[in-house]
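Q: Generate the whole structure from the sequences, applying the supplied hints.
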Amino acid sequence: MNATPMSSPASMQRRRFLKLGLGATALLAVAGAGTALLSKPGLIEGRLSAPSRQLMRAITVAVCGDLLPPEGPAREARLARHMDQLDRQIAGFPPALRGDLGQLLTLLGTAPGRLGLMGLRSPWAEASAAEVQARLQVMGHSSLALRQQVFHALRDLNCLVFFNDPASWALVGYPGPRTN
Amino acid sequence: MSSSDIRDNDGPSGAITGIPDPIAEGLARGWKVRGGPHGALPERIDCDVAIIGSGAGAGVTAEMLARAGLQVLIIEEGPLKSSRDFRQRESDAYTQLYQEGGGRKTADQAIPVLQGRCVGGSTTVNWAGSFRTPAETLAFWGERFGLSTLNFDAMQPWFEQVEKRLNISPWLTEANANNQVLRRGLEKVGVPAPTINRNVKGCWNLGSCGLGCPTNAKQSMLVTTIPAALDLGATLLVQTRAERFELQSKLGNSDEREAEALICQPIQTDGSPAGAPLRVRAKHFVVAGGAINSPALLLRSDAPDPFNLLGRRTFLHPTVASCSVMPEVVNGWAGAPLAVYSDHFLSTQAMDGVIGYKLETAPVHPGLVLTNLGGIGSKLAERARALPQTAVLIGLLRDGFHPDSIGGSVKLRRDGSPALDYPVNAYLLEGARRAHLTMAEVQFAAGARSVHPVHELAQDYRSWAEAKAAIQALPYKPFITGFASAHVMGGCGMAADAARGVVRPDGQHWQLRNVSVHDGSTFPTSIGANPQMTVYSQAARMTAGLARRLNGREVRLFSPSQS
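Note that the protein sequences, when read in sequence, are chains H and F. Numbering-wise (the working numbering), the first sequence opens with residue 1 and increments by one. Numbering-wise (the working numbering), the second sequence opens with residue 1001 and increments by one.
I should point out that these hints are in silico values taken from the structure, not numbers from a laboratory. Glycine residues also receive a C-beta, built at the ideal position from the N, C-alpha and C atoms. Heads up, a few of these hints could be off.
Residues from chain F shown here face chain H by an in silico Cβ test under 10 Å; the list is partial [to be verified]:
#1 D1085
#2 D1092
#3 A1110
#4 L1114
#5 A1135
#6 S1272
#7 G1377
#8 R1385
#9 V1555
#10 R1556
Restraint-style ranges between C-beta atoms, simulated for each label pair [as the list claims (entries may be wrong)]:
#11 A1040(F) - G176(H): 50 to 60 Å
#12 Q1459(F) - R88(H): 52 to 62 Å
#13 D1421(F) - P123(H): 33 to 43 Å
A: In structure tokens form, the structure reads like this:
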């Protein structure tokens, strides 16, 4: 090939990550070649792994806020449905994009990754919505490409799946497909 | 005809039954379609002309060459879908009909790119806006790329053929409320608000053009040229990715070579391989996969590129948006998404000066708009609940005309898939600021209660004075400034000499004797208008020449017998 193969966005993210010097030594080890060995994979056979579902749940609660039902069984049911739809959306992505997303989720699933990329101290299962929101807000306003990439990867995927779901349409006054 | 004559409303699923389905009918009468659910591919196929892609350039090429009596093979990597599959749902449409499952973005992830990946390509999912190539764009190509024979007058007969073939005419139905906001605002600030031409026939004004037309009203390639080519005996391969050309070995010092074969890979809908490769031999190959996939195919093939031009100067019309909450209900998902536009802000400065922008509207579907609108938590919820009153304007920046607007480059990922590296620089960002200012002014003039430019640091402003001061003070940087694009052009630019272009003015590759490019990748700059008409008319012009060279036949896209 006469074109130099370009790094995938995920490996580019890792490189920038290192260059930005955001993390501690432990993070460098995680972000290196040993990621898959040192941590649980973000996607398993193209679907969110258990830790990724926990992570995505926290992101969804932070992004969608009170568009979700109040805490209780209705909220849990809505979130479970949302996670299944995230899986379906991800399954439709081409392998390269799925690979990038998987690597990002793997990294965010580790404590150093979560801390280094998002500045989030609490583990995903314990982080409050306010805490995750605050970290997302900082990332959304960041002028660092890496933090913006992570912010949009998490926010946009959740928004697309959430608002495409007929279960959300009444909340936004959308009547659904028109047939006349 | 009353629409109720021919349909049953089956409720919230969005499917409309009772609509004649030209795809199902064609398959039933024996169209030659293979790949995916239509049957395995053979090990090899020989044909006169193999066309890669089935979108705007490919469709026109296929119909004309089939009419010239040539044996045509069409190779499409996406699936074959039809009106019965188009349920007007974003969840289906982005995954099934768009590149990368709707997740295509530029390499640094700063710009989402909406491009079709299905039979009909982007014409199956575009919003039907049909503009002749602006005369000043063609004049610029003449001056800078030696393409003076392609001036507006010379292109006129091709525009006319395309307009007749695809039923392109002004949208005479009342504009939807979202477009009325644009018209009202433009009139209040003293700027003309012309009506858009659309390629539709018997349009139901549903508003779901971007999700696949469920009534076959949009005259996309899916319902026009591709069926015409198949009726004339062409073969269509779907879910088949063109991987690479096998090129003749280099002879002597000449860069000129020929493609001996094209290797294709059957794929699943997510792009994963699905079976053994296919070898296609053709007298001539036409590359028309769109301005990211076409350069990528040539890069994967190690095509000669003596001037290092391949994949470079790829343009996007980087597009910024401004949302307004109106006092009235807008329901911007309903009705033709494009009906009114303004070119005023393209024409008020020098072409190669500060960047100009075209104003249009975007369909206000919840997934599309709320994903790209910005905000999380309570801010997102507030914007989401205001969706029925929300009107969305977009400003399409005309890139490629200034020394600081060099566009992006198509590169290959490790797995050979393409990525567009498109840096967002200060020149573009200043254009984004000016477009945000204009759109806010227009929206307040139209009576907006609040306006929110799509920028991570922007607030919901309550008056034009407040918005003006705030937008002027906002930092305009990549990522925090929200961009998106649905128009990709360039990367295999045409020029009058090999040092300035990848292809000749007639579409043939400068160094590959039996390879032509017939899509938006041949544009030396962006267009400054929605590109489908330009792709159609350039493809028609190029194909007429190709048919003449291949078998001496004169063909037109539209003949009087079609009227």
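Q: Each hint should be assessed against the structure and marked as holding or not.
A: Do the hints match the structure? See the list:
| no. | hint | result |
| --- | --- | --- |
| 1 | D1085 | violated (13 Å) |
| 2 | D1092 | holds (9 Å) |
| 3 | A1110 | holds (8 Å) |
| 4 | L1114 | violated (12 Å) |
| 5 | A1135 | violated (36 Å) |
| 6 | S1272 | holds (6 Å) |
| 7 | G1377 | holds (4 Å) |
| 8 | R1385 | holds (6 Å) |
| 9 | V1555 | violated (35 Å) |
| 10 | R1556 | violated (37 Å) |
| 11 | A1040(F) - G176(H): 50 to 60 Å | violated (38 Å) |
| 12 | Q1459(F) - R88(H): 52 to 62 Å | violated (35 Å) |
| 13 | D1421(F) - P123(H): 33 to 43 Å | holds (36 Å) |
Checked against the numbered hints given earlier, this structure breaks hints 1, 4, 5, 9, 10, 11, 12; the rest are met.
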